Structure formats: C-alpha cells, structure tokens
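> Here is how the chains run, residue by residue.
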Amino acid sequence: MDLSSINPILFVAGFLVAATPLIFAALGELVVEKSGTLNLGVEGMMIIGAICGFATAVETGSPLLGFVAAAAGGAGLSLLFAFLTQVTLANQVASGLALTLFGLGMSSLLGQSYVGVKPPRMGDINFGPLADIPVIGPILFTHDIILYLGFVLVAATWAVLKFTRAGLILRAVGESHDAAHALGYKVVRIRTLAIMFGGACAGIGGAYISLIRVPQWTEGMTAGVGWIALALVVFASWKPWRLLLGAYLFGGITQLQLNLQGAGVAIPVEYLAMSPYVITIVVLVILSRDKSAAPACLGRTFHASS
Amino acid sequence: MKFTKLLTGAALALGLATGAYADGHAKTKIGFVYVGPVGDGGWTYEHNKGRLAVEAEFGDKVETVFVENVAEGPDSERVMTQMALDGADLIFTTSFGYMDPTINVAAKFPDVKFEHATGYKRADNVSTYSARFYEGRAIQGHIAGSMTKSNIIGYIGSYPIPEVIRGINSAFIHARKVNPDVEFKIVWAYTWFDPAKEADAAKVLIEQGADVVLQHTDSTAPQAAAQEAGNVITFGQASDMGQYAPFPRVSSIIDDWAPYYIARTKAVMDGTWTSTDTWDGIGPGMVGIGEISDAVPADVKAEALALKAALADGSYHAFTGPLNKQDGTQFLADGETADDGTLAGMNFYVEGIVGDIPQ
Chain A
1 MDLSSINPIL
11 FVAGFLVAAT
21 PLIFAALGEL
31 VVEKSGTLNL
41 GVEGMMIIGA
51 ICGFATAVET
61 GSPLLGFVAA
71 AAGGAGLSLL
81 FAFLTQVTLA
91 NQVASGLALT
101 LFGLGMSSLL
111 GQSYVGVKPP
121 RMGDINFGPL
131 ADIPVIGPIL
141 FTHDIILYLG
151 FVLVAATWAV
161 LKFTRAGLIL
171 RAVGESHDAA
181 HALGYKVVRI
191 RTLAIMFGGA
201 CAGIGGAYIS
211 LIRVPQWTEG
221 MTAGVGWIAL
231 ALVVFASWKP
241 WRLLLGAYLF
251 GGITQLQLNL
261 QGAGVAIPVE
271 YLAMSPYVIT
281 IVVLVILSRD
291 KSAAPACLGR
301 TFHASS
Chain B
1001 MKFTKLLTGA
1011 ALALGLATGA
1021 YADGHAKTKI
1031 GFVYVGPVGD
1041 GGWTYEHNKG
1051 RLAVEAEFGD
1061 KVETVFVENV
1071 AEGPDSERVM
1081 TQMALDGADL
1091 IFTTSFGYMD
1101 PTINVAAKFP
1111 DVKFEHATGY
1121 KRADNVSTYS
1131 ARFYEGRAIQ
1141 GHIAGSMTKS
1151 NIIGYIGSYP
1161 IPEVIRGINS
1171 AFIHARKVNP
1181 DVEFKIVWAY
1191 TWFDPAKEAD
1201 AAKVLIEQGA
1211 DVVLQHTDST
1221 APQAAAQEAG
1231 NVITFGQASD
1241 MGQYAPFPRV
1251 SSIIDDWAPY
1261 YIARTKAVMD
1271 GTWTSTDTWD
1281 GIGPGMVGIG
1291 EISDAVPADV
1301 KAEALALKAA
1311 LADGSYHAFT
1321 GPLNKQDGTQ
1331 FLADGETADD
1341 GTLAGMNFYV
1351 EGIVGDIPQ
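Taken in order, these protein sequences are the chains called A and B. Per the working numbering, the first sequence starts with residue 1, numbered consecutively. Per the working numbering, the second sequence starts with residue 1001, numbered consecutively.
No wet-lab data here; the hints were simulated from the structure. A couple of the hints might just be wrong.
Residues from chain B that face chain A, not an exhaustive set, calculated with beta carbons under 7 Å [what the hints assert, rightly or not]:
(1) 1195
(2) 1204
(3) 1221
The following label-pair restraints were derived from C-beta to C-beta distances [unchecked claim]:
(4) B:1071 <-> A:127: 42 to 48 Å
(5) A:286 <-> B:1322: 56 to 62 Å
(6) A:88 <-> B:1345: 56 to 62 Å
(7) B:1071 <-> A:64: 33 to 39 Å
(8) A:120 <-> B:1270: 48 to 54 Å
(9) A:166 <-> B:1230: 44 to 50 Å
(10) A:121 <-> B:1177: 33 to 39 Å
(11) B:1341 <-> A:273: 31 to 37 Å
(12) A:138 <-> B:1298: 31 to 37 Å
(13) B:1263 <-> A:273: 38 to 44 Å
(14) A:64 <-> B:1339: 19 to 25 Å
(15) A:101 <-> B:1180: 38 to 44 Å
(16) A:112 <-> B:1230: 28 to 34 Å
(17) B:1356 <-> A:273: 15 to 21 Å
Because the structure is a prediction, the values reported are computed rather than measured. Where a beta carbon is used, it is the ideal one built from N, C-alpha and C, also for glycine.
Construct the complete structure from the given sequences, taking the supplied hints into account.
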C-alpha cells in the first residue's frame, strides 16, 4: 500500500470531470421535480443526448454544436414524456421508466454507424497565468467550457428558484398545482417547460460522457449515471448547492476506488459501487423526519377539472 | 440493452428460421457469439474479421450468423440454444465467461459442434481454442520496460482469471529483465468492455505516474486517454488499434483467428471435425505483433523483434526459470520452462509484483 502515489491535485481535478455529467443530469431533474413532476427517464435522455451529441460533433467537426444537438435531443425525448404525463395524464413512474428503456434502444439504433469513431476533441479553456497558480491552478483552471457551464448553471438555478418571480411560480406549481391554477398560472405549460429543461440538461450530461470523458460512442455507455442523478436529487433534498456537493461526493467515490486500487489498497469494488445508493438511503431515512423537503405535489397528476 | 438484445434475438430467430427452410439446410451454418459490439476496435472486432474471412473463403457454401453484446452467463446460454435450434452446425463462443453455458448447451445438442475461446472445459462436441497472448505480452513488457522513464507501468486488468494474470506476469518478467526498477500498478476494471470505466482507469494510472499503460480490456478508450495525456505509451490490445499509431500506440498484439476459423469450418464440411484443444502463439501466426512504430528507439525495436523471432521458433519460452512466485517460493528452476497445465491455471503473481489478486 502506498497512498503517497495518489496525487491529490490530479485526483480532485479528476473527480470534477467525473462529477460533471451528474451535475447536469441531476440539476435538470431537480428543476423538473421542483415543478411537481417525477421523471425517471433521466438515463434514457442522457444516452440519447450522448449519441445525438456524438453524431453531430463527428459530422460537423464541432464539439460545441454537438452539445447543442445533445440538449435538443434530450429535450426532444422529454417532450414525449411531457405529452404522456401532462396531456394524456399517464402514470409518471411508468412513463419515466418507459422513457429510459426507449432511450437506450433508440440510442443503440442511432449509434450503429458511430461505433469506433473518434470524435473531434474539445479544447480546454486557456486561462493564461491563472493555470500556473500552484494547487488551485491545475484543479480549477485546466478544464473545458462545459464543466464551467455546470457550475454556472447550478448558481443560476439556485438564484432563479430563490429570488425570481419565475422561480416562485415554478415552486408554487410544484407545491400546490391547484392553488397555482386558481391563481391563473398555466400548470401544464410550466411543467412542460421544466421537463424540457430537464431533458436538455440530461442530454448535455450524456454528451459530456461521450464527447469529453471517454470520448467514444458505445451502447449503454452512460451505465447508470442517470439513476445516480435521481438518487442525487433526493440526497440533495432539492437544493442546488447541496446537489453540487453530492455530485462531487458521488463522482469522487468512483475515482477514489480506482485510485486506491492503483495504490495497492484492496477494497472490494462492489462496496464502493453501491455506496452512493447506500448514502442516499441513509439520507432518505434522515429526511423522512422532515416532510417539508420534497415538493408537495411531486408525482401527482394534474388536470384543470379537479 | 436487454430490450435491444431481445429484439436482435427475435430478428435473428426469424431470419434463421426462414433461411433454413428456404434452402433445405444445404449450407454449412456457423454461429458466432460475441461479448462486445463488432465495432469495439479490439477483441470482438478481430473475431468478426475471422467470421468475414470464413465467408470470403467458402462463399455460398457457408452462412454465418452472429449476435453481439451477449452478456456472459444465462443470456449467452439462450443465444447459443437459439442458434443451435436454428440449425447452426458450428458455433464459436468467443469469451471466457461463456465456458459453462457452452458446455451446458453442447450437452443438449450433441450433433452441433461448439468451439469455446480461452476456456479449458471440453466435451465430445466442444473444442477449446486460444492464443498464447502472453508471448505478445513478453514483447510489450520488453518495450515498456525499456521505454518507461517514471519506471511505473500501469496495467488495466479485466477479470482476475488465469489468462489475464498470465499476461501480467509475462509483461512484468520481461519489463524487469531490461529495467530492474520497474513497478507495475494494476487496476481491475471488472469488465471486458466499458469505455467510460476503462478511460477512468487509464487516467488514474497516468495520474499516479504511469507513463506506459497496458490494457487487457477491449476498447480503445485507454488509448484516447493516453493520447490526451501526451507522454504516455500504449499497446493495441487484441486488434492493431492503428488509428492511435505511431504514438501513443507503439505496437500491438493482434489476434488472428481467420486461419483457425477457416480450418475448423473446413473440418465440419468434410466431416473430420473432432474435439481438440488448440493453443497457438506467434509461431503459427495466431498471435500477431503489430508494427512497432518509430516512437520506439531503434535498438529497442531490434531487441523486440529478436525476442519475437525467438518466441516464434520456440528457442525461447516466455516463462523460463529461474522464477519465483510472489511469496518467494520457487516457481521455475534455472532453465526450466512452464508447462501448459501450469500456465492454463495460473493464479499467482511472480516475485516482484506488489498487491494481491482479488478473490
């Protein structure tokens, strides 16, 4: 065992990258759930985003366009969910699960001709002298633009939810759709927009895996990140900053496990693989004492006639 | 994934059924079960190249079918059963984890011939075949040991099975031979094919100082990670992975299954097929060494090629004593070479490797 071989600076920089897909996917889902809808299709929207982004980046040669396409693809798929749950009033849990299965199948179909292709690389942002600052430089200033966009999005979501009228309306819809409806807000429209935002975020998260973290396309390559994102929203008790913390915790565990193996510490892989879920269960138990955390209308179907 | 597999399974069943009735089973039908997608650029890609070579060789006389992304375990048993029911005469199952499923299905279809890659269980209608990848690993170890500056070589293992452990030992022995200070860092990915995980593992090894990354997993993700890091060398695994040449990929181990697949198909056609155990190396050509790129210094390249020649003509064995096991007990006496039985069941590290094999 030789823990000194783990370079803490690179370790931290590594898990910032590992956490980014989680941040996007979970943040999108947070907004969706804040509006009172439970979309379990995060995994499906992520994988669709991964292939849409990958294919577009390969065809156009521009990774940035890839991310735009990924957001569009994720949002497009989420519209299906919005139609099922908001218009036809289908069960949200079942629709979400179906969305995941559909996304996985659809993405392998779309990706047939992209297996083994190398995507264009996304360059890191050049911060000039900032990157030379010891310790902080390599950790914070050597990444790609999407990673920083993740930070900004967390801050923006927090600010919008907390300080703006739009955020207040979104939360009102999530807490009591009947009251919001009585006040004249278009509940279905607001929820559909929230669902599309969630889909776009999940799509970007997926594309981050296929374009930056790996970078390659393979079937099922999101490998459960969407499910961790769902757990993460609960873990964060629907608070953006806590979500950021949780994403680093969950993302860090994977990195930690590989680092420990490299350093010669034999920890059974299975324990670390299940730890995010164990932590989430523990948090759920603690949270259950405080009923106020979850949006009151989460998962409930709304119809104007009720 | 399950869903798509189901769909491909159903489509395959349909296609096979109609095909079999149409031509009255005049063609020899050969099935292939793959653990990854044919586009993985590594292991499965090469098996599929072997399949295409069979088609090219026999033309209309054969019909080949394959199913990709078949999980090791019960799923594979269903796929094989379906293939056998649909009239396959010969089925190649191309991953270690298909071993027991192959034996189980073979017992139910005594008239169908099975060929299982990298396993050790045989039956009257089950042959095994594998390549002596460890001979290629010896050459990799030699180049890696000569070229590393940090003296740390990273190794991405898939599962702790004899085939993989053999490769680690072989690479280590030959790296140490040219560079006594060399150390191996081994990370187990517990997958044959998961690009995200393989990329993460490669990055972690590079962060921990490795400037050579050897992989025993099937995707090109570690190559991409090494390319990004800039000063790390890698070797193509199972396939040439030439798209990453000349740097970071400086050489490769190529599995050439085509001659074997053609010979076995011929044997089935002629009715001369018997259960055999084939284990060929560089000599017969089942293991190929991809072009050693110019990133390798000329003298190292010459030594590597000499080592390759010696392994090929049998004048040198990759496991030649004196060698000790990790715990210090004797493995091979001076000049003694390891027999195939020992190699096939290898479950220990040689002396000098740090760490334990996960159980």
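> The structure should be examined with respect to each hint, and the outcome stated for every one.
Now the hints, each set against the structure:
no.: 1; hint: 1195; result: 5 Å, holds
no.: 2; hint: 1204; result: 4 Å, holds
no.: 3; hint: 1221; result: 5 Å, holds
no.: 4; hint: B:1071 <-> A:127: 42 to 48 Å; result: 44 Å, holds
no.: 5; hint: A:286 <-> B:1322: 56 to 62 Å; result: 60 Å, holds
no.: 6; hint: A:88 <-> B:1345: 56 to 62 Å; result: 60 Å, holds
no.: 7; hint: B:1071 <-> A:64: 33 to 39 Å; result: 36 Å, holds
no.: 8; hint: A:120 <-> B:1270: 48 to 54 Å; result: 51 Å, holds
no.: 9; hint: A:166 <-> B:1230: 44 to 50 Å; result: 45 Å, holds
no.: 10; hint: A:121 <-> B:1177: 33 to 39 Å; result: 37 Å, holds
no.: 11; hint: B:1341 <-> A:273: 31 to 37 Å; result: 35 Å, holds
no.: 12; hint: A:138 <-> B:1298: 31 to 37 Å; result: 36 Å, holds
no.: 13; hint: B:1263 <-> A:273: 38 to 44 Å; result: 43 Å, holds
no.: 14; hint: A:64 <-> B:1339: 19 to 25 Å; result: 58 Å, violated
no.: 15; hint: A:101 <-> B:1180: 38 to 44 Å; result: 55 Å, violated
no.: 16; hint: A:112 <-> B:1230: 28 to 34 Å; result: 32 Å, holds
no.: 17; hint: B:1356 <-> A:273: 15 to 21 Å; result: 19 Å, holds
In this structure, the earlier hints numbered 14, 15 are contradicted, and the remaining ones agree with it.
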